[in-house]
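S.K.: Sequence:
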Amino acid sequence: MAIDPNFDTNREKVGEENGVAVWGPVEPPEKLGIHGTHVAVDYDICLADGACLENCPVDVFTWVDTPDHPVSEVKVEPTNEDQCIDCMLCVDICPVDAIDVDASRQA
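Numbering (full-length UniProt numbering), first residue to last: 1 to 107.
To be clear, the hints were calculated from the coordinates, so they are not data collected in a lab. Predicted model only: the values in this text are computed from it and were never measured. Check before you lean on any hint, since a few could be wrong.
Stated by the list, open to error - Per label pair, the in silico range of CB-to-CB distance:
hint: 1; residue 1: ASN10; residue 2: VAL71; range: 19 to 29 Å
hint: 2; residue 1: ASP97; residue 2: VAL74; range: 17 to 27 Å
hint: 3; residue 1: LEU53; residue 2: ALA2; range: 12 to 22 Å
hint: 4; residue 1: PRO67; residue 2: SER104; range: 25 to 35 Å
hint: 5; residue 1: ASP68; residue 2: ALA103; range: 33 to 43 Å
hint: 6; residue 1: SER104; residue 2: PRO70; range: 10 to 20 Å
All C-beta atoms, glycine included, are put in the ideal place defined by N, C-alpha and C.
Assemble the whole structure, with the sequences as input and the hints as a guide.
M.R.: Structure representation (structure tokens):
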């Protein structure tokens with residue numbers, strides 16, 4: 001199941017981590033929610049294969065630890081989402097459709 005492209009209206013913002021918005025529900029370690037606004041990563045489906053991080057031309061993503069999460073114990077955080085140039089490479093390269101980019105959603 002892909003990230004919900006309407007998460008900003010369908011979910012509640014429950015806080016921030018590393019300066020990035022977090023959208024619930026969040027129940028660690030199993031449910032970690034969606035991180036980011038302009039560039040959003042659904043932590044609950046992210047496999048952390050690193051393709052987005054390695055291929056992003058403006059280094060939007062950084063690794064963060066997510067201990068005991070059932071899918072992977074690291075995730076990519078859109079720490080520098082304000083640098084995103086909307087090229088959509090991360091969206092296209094993600095094998096599980098865990099990333100959504102929408103310039104109309106501002107962090």
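S.K.: Could you run down the list of hints and mark each one as holding or not?
M.R.: Each hint tested on the structure:
1. For ASN10 and VAL71, the Cβ-Cβ distance of about 21 Å falls inside the hinted range of 19 to 29 Å, so the restraint holds.
2. With their beta carbons about 19 Å apart, ASP97 and VAL74 fall inside the hinted range of 17 to 27 Å.
3. Remark: the range hint 12 to 22 Å for LEU53 to ALA2 is upheld by a beta-carbon distance near 19 Å.
4. For the hinted restraint 25 to 35 Å between PRO67 and SER104, the CB-CB distance of approximately 34 Å keeps it satisfied.
5. At roughly 34 Å, the beta carbons of ASP68 and ALA103 sit within the given window of 33 to 43 Å.
6. SER104 and PRO70 have their C-beta atoms about 32 Å apart, which leaves the hinted 10 to 20 Å range violated.
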